[in-house]
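Here my numbering is used: the first residue of the sequence shown is 1, the next is one more, and so on.
The set of hints was computed from the structure by calculation and includes no laboratory data. Just so we're clear, the structure is a prediction, and the values are computed from it rather than from any experiment. Beta carbons: idealized from backbone N, C-alpha and C, even for Gly. Errors might be hidden in some of the hints.
Distance windows between CB atoms, simulated [said to hold, decoys possible]:
{"#": "1", "residue 1": "G50", "residue 2": "T105", "range": "43 to 53 Å"}
{"#": "2", "residue 1": "H58", "residue 2": "I337", "range": "17 to 27 Å"}
{"#": "3", "residue 1": "G324", "residue 2": "P106", "range": "37 to 47 Å"}
{"#": "4", "residue 1": "V124", "residue 2": "N255", "range": "25 to 35 Å"}
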Amino acid sequence: MSIPTNGTSIPTRRVIVDDTDAQIQYVGPWQVDSRGSQDRVGNFGPTFLGYTARSGPHVSDVSFLYEGTDSKVFGTLQAVNQSGTIDPRWTCSIDDRIVPISPITPYPLNNWPLCDFTSIGAGVHNITVRIVSEQKHFWLDYIDYVPSPNPTIPTKPAFNQIDDQDNSIFYDDSWSRIGDFSMYTSRPGGRMTTNFTGTGVSWYGFIPEEMSHPSSSPHIQSTTKLQYPLFYTRPGKPHSLQPRILPNPLLPYGNHTLTVVHNGNDEQTPLTLDRLVVLDHTANTVSVQTADIPLNTSSTAAPSGANSQSAPLSSGSIAGAVIGALLLLALLIVGFIFGRRWYRKRSRPIIQPLPGFVPPSEPRAPLDLDTTPNRYSVELEERMQTYGTLTPVHVRRRSRHFNPEVRSTITSMDFDLEPPPPLQHAATTNANTEHARGSMLSQADMSPVPGRSTGLEVYGEVERLGATSRSTDALNGAEMDPYSSGYPFARASPGISPYEQLVAATKAEEARRSQRKSRGRHHQDPGYQ
């Protein structure tokens, strides 16, 4: 025989809004944790649907607009007290009115009411939670509220919560009450029946420590002829709220009857019921496929309306965005490198040719000297008349008339002699220097002598030239030829050094060539003066 609950007050069904629902607006760096990292925190069971919203550091906000009365914000409590400062810290407000938060325990717990808004009148309300965190995260799991009987905002809740004392649940006489929050049975064949409208249902129960047995393995049988084993014993977690049933695949949307039969006995863990959560529809739910997905956030804390639709990015969109960002970064790096090279090339100094420079018509070697004259000169004209060619020769241009004051030297000579001794001015005399010069020229042999070891081309014999110089010095009061005595200098001693002999021979040869050149011009040009 089935009997209804005997509670004097019938609780009103509440609506559950998951943290992934598009009706919840996030502001700041929020992410969805779909790995169930908080499922084993505390003794109050895993997170709702295995998803939790995690706030980032610093300041974050979350807001929710609903139409109804009382509401609560549930999540994972992991606040710590660091030198008198709670981290994270949060404030709860409804319709811009701050409400004190629930007491904070030093122990981490799931399914904890982080904000509790009670005695709220019927109407449209806006919940806002502001979080300030330094190191710890704020974990939001879901929000539940009591809906209005005749809502003006057209919304259809995704999850409806049925309390264990709801008048739609029928228990047999084997069921009893534990405290003020759960029903249980330990009799074999104990039965419970309820009706619901939706596509699925989840069973939440309680495991009493003093009544639990590790070997228990009760089963639940529904009218769909499917059996679901209840493995809800966790070592070290005796007092635990666990989801019991989540039919898979989902049922067709409509009216369904759930019948639960306990297959255990008095020696096993009893079957308990705290609440049922009915999946009403999937219109407002968001499919989350991977872990740590950023939630859609808005620039303002206030939502635009209850029907605002937003969904987290899919894994493909995130991967595409990451790849696009990497490609853009690579293009920027390549563009910077080529731009820098182009700028350096443009700013590099360029050697410009001198004004009036005309490049040659034919390529030449770097040291190819241009021997072709490019301009007219008197020297080139005389060279053409004398030698019949414009090719330069190792001669110097000389005066038209011999002048003993102007001396020419033979180029390309390598002197490898010791430096001459100091010279002194010769004594002034009125003797005929022409006679001494003629004697020297008559005695010197001007025929060329083969090159010596010093590499000098000396005309005449040095020994004979030295003897001639000594004979001319013996002339009493006679002045030496300036070309044979180192004019205008002369040695004080009667001897002539090899250097002086070389100088004298050089000067004599220059005088001879000059006279020969002068005589040749007189014969060629009788009018030459």
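Exercise. Range hint 25 to 35 Å: satisfied by the CB atoms of V124 and N255?
Worked result: 30 Å, holds
Exercise. Does the hinted range 43 to 53 Å hold for G50 and T105 at CB?
Worked result: Violated: the Cβ-Cβ distance is about 23 Å, outside 43 to 53 Å.
Exercise. Taking the beta carbons of H58 and I337, is their distance inside 17 to 27 Å?
Worked result: Cβ of H58 to Cβ of I337: about 37 Å, so the range 17 to 27 Å is violated.
For this session: Determine whether the Cβ-Cβ distance between G324 and P106 falls within the hinted range of 37 to 47 Å.
Result: Roughly 46 Å apart at Cβ, these two residues keep to the hinted range, so it holds.
In this structure, the earlier hints numbered 1, 2 are contradicted, and the remaining ones agree with it.
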